[in-house]
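Take the given structure of chain Y and dock chain C to it, following the hints.
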Amino acid sequence: MYAPQPAILRESAMSNPAAAEAVLALNRFGLGPRPGSIAAIAGDPRGALLAELDRPPASLAGAAALPSSAKAYRAVTDANARRAAKAKIAVRVQKEARQKLAADASAMMESSEQADNAMAAKVAAEAVPDPGRPIYLEEAKVRTEAALGAGIGFVERLVWFWSNHFCISANAVQSMSGAYEREAIRPHVLGRFTDMLLSAEGHPAMLIFLDNLGSMGANSIAGINRTRGLNENLAREILELHTLGVRSGYGQDDVIGFANVLTGWTLLPPGDNPEHGGEFSFNPRLHEPGPQKVLGKTYDDETVEQGRAVLRDLSTQPATATHVATKLARHFVADTPPAPLVERMAKTFRDSDGDLKEVARTMISSDESWTQPAGKLKRPGEWGVGMVRATGITKVDPVRFTGGQALLGEPLWRPSAPKGFPDDEASWIGGMGLRLDIANNFAERVAATVDPQDIIETVYGGAVSSEAMAAVGRAETRQQALALLFMSAEFQRR
Amino acid sequence: MTSCHHLHLPSRRDALLGAGALFAWTQMPRLARAEGRDPRLLVIVLRGGLDGLGAVAPVGDPDWVGLRGDRALLLDGKPPALPLDGFFALNPAMPNLHRLFTARQASIVHATATPYRERSHFDGQDVLESGFARPGSVDSGWLNRALLALASDGRVDPAGSRAIGVGAVTPLVVRGKAPVMSWVPQQLLPASEDTQARLLDLYQHTDPKLADALATRIRLAALGRAGGVGTTIQDPATLPPPGIERVRAYFADAAGTAGRFLARPDGPRVGAMGFAGWDTHINEGAAAGQLANLLGALDGALAAVEKSMGEAWRETVVAVVTEFGRTARINGTDGTDHGTGTVAFLAGGALRGGRMVADWPGLKTAQLFEGRDLKPTIDLRSVFKGLLRDHLRVDEKALADTVFPGSADVVPAAGLVG
Chain Y
441 MYAPQPAILR
451 ESAMSNPAAA
461 EAVLALNRFG
471 LGPRPGSIAA
481 IAGDPRGALL
491 AELDRPPASL
501 AGAAALPSSA
511 KAYRAVTDAN
521 ARRAAKAKIA
531 VRVQKEARQK
541 LAADASAMME
551 SSEQADNAMA
561 AKVAAEAVPD
571 PGRPIYLEEA
581 KVRTEAALGA
591 GIGFVERLVW
601 FWSNHFCISA
611 NAVQSMSGAY
621 EREAIRPHVL
631 GRFTDMLLSA
641 EGHPAMLIFL
651 DNLGSMGANS
661 IAGINRTRGL
671 NENLAREILE
681 LHTLGVRSGY
691 GQDDVIGFAN
701 VLTGWTLLPP
711 GDNPEHGGEF
721 SFNPRLHEPG
731 PQKVLGKTYD
741 DETVEQGRAV
751 LRDLSTQPAT
761 ATHVATKLAR
771 HFVADTPPAP
781 LVERMAKTFR
791 DSDGDLKEVA
801 RTMISSDESW
811 TQPAGKLKRP
821 GEWGVGMVRA
831 TGITKVDPVR
841 FTGGQALLGE
851 PLWRPSAPKG
861 FPDDEASWIG
871 GMGLRLDIAN
881 NFAERVAATV
891 DPQDIIETVY
901 GGAVSSEAMA
911 AVGRAETRQQ
921 ALALLFMSAE
931 FQRR
Chain C
7 MTSCHHLHLP
17 SRRDALLGAG
27 ALFAWTQMPR
37 LARAEGRDPR
47 LLVIVLRGGL
57 DGLGAVAPVG
67 DPDWVGLRGD
77 RALLLDGKPP
87 ALPLDGFFAL
97 NPAMPNLHRL
107 FTARQASIVH
117 ATATPYRERS
127 HFDGQDVLES
137 GFARPGSVDS
147 GWLNRALLAL
157 ASDGRVDPAG
167 SRAIGVGAVT
177 PLVVRGKAPV
187 MSWVPQQLLP
197 ASEDTQARLL
207 DLYQHTDPKL
217 ADALATRIRL
227 AALGRAGGVG
237 TTIQDPATLP
247 PPGIERVRAY
257 FADAAGTAGR
267 FLARPDGPRV
277 GAMGFAGWDT
287 HINEGAAAGQ
297 LANLLGALDG
307 ALAAVEKSMG
317 EAWRETVVAV
327 VTEFGRTARI
337 NGTDGTDHGT
347 GTVAFLAGGA
357 LRGGRMVADW
367 PGLKTAQLFE
377 GRDLKPTIDL
387 RSVFKGLLRD
397 HLRVDEKALA
407 DTVFPGSADV
417 VPAAGLVG
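Sequences listed follow chains Y and C, in order. So for the first sequence, my numbering puts the first residue at 441; every next one is plus one. So for the second sequence, my numbering puts the first residue at 7; every next one is plus one.
If you're looking for bench data, these hints aren't it; they were derived computationally from the structure. Any given hint might turn out to be false.
[As the list claims (entries may be wrong)] Below, a sample of chain C positions facing chain Y; criterion: calculated Cβ distance under 7 angstroms:
id	residue
1	Arg53
2	Pro196
3	Ala197
4	Leu208
5	Thr212
6	Asp213
7	Ala219
8	Arg223
9	Arg225
10	Asp285
11	Asn289
12	Thr339
[Unchecked claim] If you want a taste of the chain C side facing chain Y, the calculated C-beta under 10 angstroms gives, among others:
id	residue
13	Asn102
14	Thr176
15	Ser198
16	Asp207
17	Tyr209
18	His211
19	Lys215
20	Asp218
21	Thr222
22	Trp284
23	Gly291
[Stated by the list, open to error] Where chain C lies over chain Y, by a calculated footprint (3+ residues, C-beta under 8 angstroms):
id	region
24	534 to 543
25	902 to 908
We treat Cβ as the ideally placed atom computed from N, Cα and C, and that holds for glycine.
Chain Y with its partners taken away, still in its complex shape (with noise of 0.2 angstroms):
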């Protein structure tokens, strides 16, 4: 049942090139190839990624019931509230019983006295279950179903990196994590570059992660009741990571002055009222008056409107259109992605006023992105979910999906810092030990029910090499079949 059979399987994968080419779009563009995506593409691959550009996938399945992140940070605050009182409580009454005791028994273990009370209030607060983690978890499986159920993945994939583009962190925002990927980058992937970066910025979740919300101008209101000022962070990330770029021309000046335009930009503390709390907000009372001056442009206007026009003119400068298509062609297409096709893509951004969707149509349009061979090394995420996707699986334990990406330094939306996860092989190389013996694990729940070379033959249309099907053949057990094939460069390598 199992006998291997390269020399047929080869022959029916070069007689059918056009089945190698749809698996190189599914994993260059896409998320893989799964159960019929061969078929369903092998006639025009490059046709089937453009016509997903135009024709997105509907809403995301399941987003509807999600809480915005303001509801899902406003949960969060209430539960820390109500657990400090808990705590406070706790500490209270056992003050009151220990006052009881030490009138019954005038001997008392003062040094426990602490410790007691450290006990009790922890207990307490530990009866108030943190909603951050299970609205995380749920986001989680939301965004890896999606992936999962998209037919090519394109629009996924382009979610996925300007999610890592304009990364915040859930170790900062637990709880408006995946909110802030569906209200501030999903809705603008094939939108315009002004618009996502306006959003991004404008996040509450970005202006926690970037330290913008106590930010004050010294000579604002607060600054001079507070004697306290500025925070350079967003400023100066926006400007290195999320436009221009580094060292392209901008300086310390600059920097300062981008965060005195930035000041005010916060959210609406929680608390007040029920039914508001963690929105965007600009405060004036934070703002630093006057004009700012930005890369020699003056900026007069003292409102959000002043931090508005910086941000439309930083998404226009040649600089952003260089880097934002440098990072687009070295994620999909190559670690040292052909020149042309970088210039080819920042021009089409420069020509359309960042219109993304023409960008990702230069990039598919493009030869070079088809004639590099297929050398780049998957990230975790994107190789975890490609492994999933090639069994037909479709739906997700958010708690064992999430627990094997962060094993494997993917970490879904914790990135160690705001740079957001590499996109090299040098970075993840390292980790092929941890993937297979995740790829072990999956392999074993797995094995019952999915046919390795049912994967090779249907879901990868014969596309793999000779060595990888003798290998698959030879394994002892259906699981060390799966496990080696996902591990094979095949599913590694795009």
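Relative to the frame of chain Y, chain C by itself:
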């Protein structure tokens, strides 16, 4: 040379059968209880094909040393093989099994095989676990159907699972209509050394960079095992393969937990689990090395079952079986290829143990199956049927009709328990 160690001993079961076969057919569970027994059966499937000759060596066979050369286990080897009955000796990696054998709580069946005569792992495992004579039947396993046969009126109480499957995937042998509870060990089973070696080989032929990355990981794991700063660096040849400690821990954890479940008064009475990694095509080793490491892990698993079962151990049989054996001779890569006849280990306090069960076929080329494999002389189904009949009290007709369909001519091995 043919040396017959196949013993037929009368058992209480023979008397019972003669007295009340019909009664037994309908009232099986009560029958065991009426005897004051509460029997347990755990089946451990070694996936990949265990080299029976590397595990239990026919040291008394004059052709043994000629066959395996310096990889032949010997009573005066380094380390010496553990003597069993004067003709056979056990791999020194299995002291627990040897202790149980000496205490008459373990028996070993040699030159045995299922009716499957091809060499595909997957088909071989299907035959071993389904209980059908040919591959292709994968809906239910013989152990599950034995439970159905035990149910007094053919129905099984769905509320009370009498079977447990250990592992993320329930082994086929215990799958079927009778309800099965599943338990997944806490520890992830790491990818085996064999899987790593196969992947490394694939990478070396297809992707040198991935090969380097994986080789580095394997080396690091070996270094980690060699100990911390200040310890003597061991000769790499004597290092256990990376990850074997984790395999050992997984085997012991999984088997020990199965034992705990089976020991409970209200727990399941039969269980099944699978251990992979026995496909030793390359660098199999002998008294030490890859196979010995795995046998040591299996030995630890048997000890873990014995310990976790406590008092219930005396009512327990653990059957350790594999889909087929391996070539009698060493292949070109210091390993062995897929073969036929092999061993089955039986352990447990319910056994009438301390015996080798074998009808030795000999090792001369003409005596080997197709000139290459140990010839099977005992149908493994006869062992299963003997255990099911005499230990669990499954009716002999059900054994021949539904548990092992079409096996009327396969006589249950008598005298294994009791």
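Do the hints match the structure? See the list:
| no. | hint | verdict |
| --- | --- | --- |
| 1 | Arg53 | holds (5 angstroms) |
| 2 | Pro196 | holds (6 angstroms) |
| 3 | Ala197 | holds (4 angstroms) |
| 4 | Leu208 | holds (5 angstroms) |
| 5 | Thr212 | holds (5 angstroms) |
| 6 | Asp213 | holds (4 angstroms) |
| 7 | Ala219 | holds (4 angstroms) |
| 8 | Arg223 | holds (3 angstroms) |
| 9 | Arg225 | violated (11 angstroms) |
| 10 | Asp285 | holds (3 angstroms) |
| 11 | Asn289 | violated (15 angstroms) |
| 12 | Thr339 | violated (13 angstroms) |
| 13 | Asn102 | violated (25 angstroms) |
| 14 | Thr176 | holds (8 angstroms) |
| 15 | Ser198 | holds (8 angstroms) |
| 16 | Asp207 | holds (7 angstroms) |
| 17 | Tyr209 | holds (7 angstroms) |
| 18 | His211 | holds (5 angstroms) |
| 19 | Lys215 | holds (7 angstroms) |
| 20 | Asp218 | holds (8 angstroms) |
| 21 | Thr222 | holds (8 angstroms) |
| 22 | Trp284 | holds (7 angstroms) |
| 23 | Gly291 | violated (17 angstroms) |
| 24 | 534 to 543 | violated (count 0) |
| 25 | 902 to 908 | holds (count 3) |
The structure fails hints 9, 11, 12, 13, 23, 24 (numbered hints given earlier, in ascending order).
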